Amino acid sequence: MDRVPILKLGDILIVSIQIDLQDQSVLALQEDLADAVVTHGARGVIIDITAVEIVDSFIGRMLATIASISRMLDAETIVVGMRPAVAITLVELGLSLGGVRTALNLEKGVALLDGRGAPAVRR
Amino acid sequence: MTLRGDADRPRVEALLREREEIIFKRWTELAASAAGAHENPGALAVRLREIYQALLRSLADGGDATELRGLLAELSRSRAREGFTPSETAVVVFSLKEAVYESVADGGDFATLRGFIWFSKIVDDLGLLTFETFATAREKIIADQAEQLLELSTPVVKLWEGILAVPLVGTLDSARTQVVMEKLLQALVDTGSEHAVIDITGVPAVDTQVAQHLLKTVVAARLMGAECVISGIRPQIAHTIVTLGIEFGDIVTKASLSDALAHALRQSGVEITGSGSRRVVVGTEHA
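Protein sequence lines, in the order shown, are assigned to chains G and Y. First residue of the first sequence: 7, per my numbering; consecutive thereafter. First residue of the second sequence: 16, per my numbering; consecutive thereafter.
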C-alpha cells in the first residue's frame with residue numbers, strides 16, 4: 007500500500023497527493039496526519055491536489071474529514087491546486103467542501119496561513 | 016415504375032438523345048424562370064449542360080449515377096450557400112420533367128408516354144437528392160456557425176493583476192455555461208488570479224436554470240481558491256431573481272462592473288489615489 011508523505015515546513019504540514027488514492031491509503035493518511043499535527047504542534051495543514059485528475063464523492067468526503075480532524079486539533083486546512091475539471095466535478099456532485107479553505111496554488115496557500123495574502127475565500 | 020414502363024424506357028432514352036438541344040433549351044428556360052430572380056442564367060445553363068450530359072451517360076451506362084449525383088449534390092450545396100430556398104433548387108431539377116414531357120407530347124406516342132413515367136421517377140429521385148443535400152449543407156452551416164458563436168462569445172479578460180472578468184453577452188444555455196465555466200477556471204489557474212467578475216449586463220434574461228449555472232461556476236471557482244463577483248444585474252433581472260426565489264447566498268453581487276472591480280480591488284488590498292488633490296480610495300460603494 008502506498009503511503010502519502012507528510013512534509014513539515016515550519017509549523018505547517020504539507021501533504022502532496024501524487025498517487026491514485028485507495029481507501030486504505032486514505033485511512034492511513036488521516037491517521038498519520040492526525041499524529042503529525044499533534045507531534046509537531048502544527049497550526050496549518052495544506053493538501054496539494056494539483057496531481058489529482060479524477061475525483062469522486064469519496065475523495066470529496068476525505069478532504070472534508072481531514073479538515074474536521076485538523077480543526078479539532080486546532081490546525082487550519084487549506085486545499086490547494088484544484089484543477090478546473092475537478093472543481094466542476096465536485097460541484098456537479100453537490101460537494102462544496104464546507105469548512106475547507108482553498109487557494110490556487112501552494113504558494114498562495116502558505117501565504118494564506120501566514121496571514122500575508124488577502125483572504126481569498128471566506129465563508 | 017412498372018415493368019411496362021421499364022420496357023418503354025429505351026424510347027425515352029432515344030428521345031432524350033435525339034431532341035437533346037430542344038429539351039435542353041426548354042429546360043434552361045423553365046429552370047431560369049423558376050430558379051428565382053437572383054440567379055445568373057449563364058452560370059446555371061453551364062451547370063445544367065453538365066448535368067444533362069451526365070444524365071445521358073448514366074442512362075447509357077445502365078444506371079451508374081455516381082457522376083450525376085455528384086454534380087447534383089454540388090449544385091445543391093452551392094445554391095444552399097448562395098441562399099436559395101430548397102424549393103428553388105428542387106424546381107430546377109423538376110423542370111426537366113416538364114421540358115421532356117413537351118417533347119413526348121409532341122410525338123403523341125403512347126409507348127413513349129409510358130416510358131416517360133419511368134423517366135419521371137428518375138427525375139423525382141434526383142430532385143429528392145438535391146433536397147437532401149440541401150438540408151445537409153444547411154445543417155452543416157448552422158452547426159459551424161453555432162460553434163463559431165460559442166468560441167467568439169466567451170472571452171476572459173484581465174482587468175487588473177489578479178482580477179479577471181467574463182463579460183457574458185447573449186442567452187446562456189447549458190452548453191455555453193459549460194464553456195464559460197471551463198474557460199474561466201482554466202484562466203484562473205493560468206494567471207493565478209484570485210478574483211473574477213462575471214458580468215451579465217448582456218444577458219437578456221435570467222431564469223432558474225441560468226442562475227443555477229452561475230452559482231455552479233462561482234462555487235467551482237471557490238473550490239479552486241478564487242472568489243467570484245457577479246455584476247451587471249439590471250433592475251428587471253434583480254426583480255426576476257427575487258420573484259423566482261433564487262438565493263444567491265453569500266455570493267457578492269454588484270450592480271455595475273465598476274462596482275465589482277472596486278470590490279475586487281479592495282479585496283486584494285489595492286488602493287487607488289485619484290489625480291489632483293482629490294484622493295479616491297477604492298473601497299467605498301460609491302467609488
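Accuracy of the hints is not assured; some may be wrong.
[To be verified] To give a feel for the contact side, a few chain Y residues facing chain G, derived at Cβ under 10 Å: (1) Thr169; (2) Leu199; (3) Leu200; (4) Gln201; (5) Val204; (6) Ala235; (7) Met239; (8) Gly240; (9) Arg249.
FYI, nobody ran anything at the bench for these hints, they're computed from the structure. Just so it is clear, the structure is predicted and the values come from calculations on it, not from any experiment. No residue lacks a Cβ here, since even glycine has one placed at the ideal position from N, Cα and C.
Evaluation of the provided hints:
1. Violation of the interface hint for Y/Thr169 is found here, the shortest Cβ-Cβ separation to chain G being roughly 14 Å, above the 10 Å cut-off.
2. The restraint placing Y/Leu199 at the interface with chain G holds, with a minimum CB-CB distance near 8 Å, inside the 10 Å limit.
3. Among the interface hints, the one on Y/Leu200 holds; its C-beta lies about 3 Å from the nearest C-beta in chain G, closer than the 10 Å criterion.
4. Using the Cβ-Cβ criterion of 10 Å, the hint placing Y/Gln201 at the interface with chain G is satisfied: the shortest such distance is roughly 5 Å.
5. The interface hint given for Y/Val204 holds, since its Cβ lies 6 Å from the closest Cβ of chain G, which is under the 10 Å cut-off.
6. For Y/Ala235, the suggested interface contact is upheld, since its CB lies about 4 Å from the closest CB of chain G, less than 10 Å.
7. The closest approach between the C-beta of Y/Met239 and any C-beta of chain G is roughly 5 Å, which is under the 10 Å cut-off, so the hint is satisfied.
8. At a threshold of 10 Å, the smallest CB-CB gap from Y/Gly240 to chain G is about 4 Å, leaving the interface hint in force.
9. With a least beta-carbon distance of about 26 Å to chain G, the hint placing Y/Arg249 at the interface is violated under the 10 Å criterion.
In terms of the numbered hints stated before, the structure departs from hints 1, 9, listed from lowest to highest.
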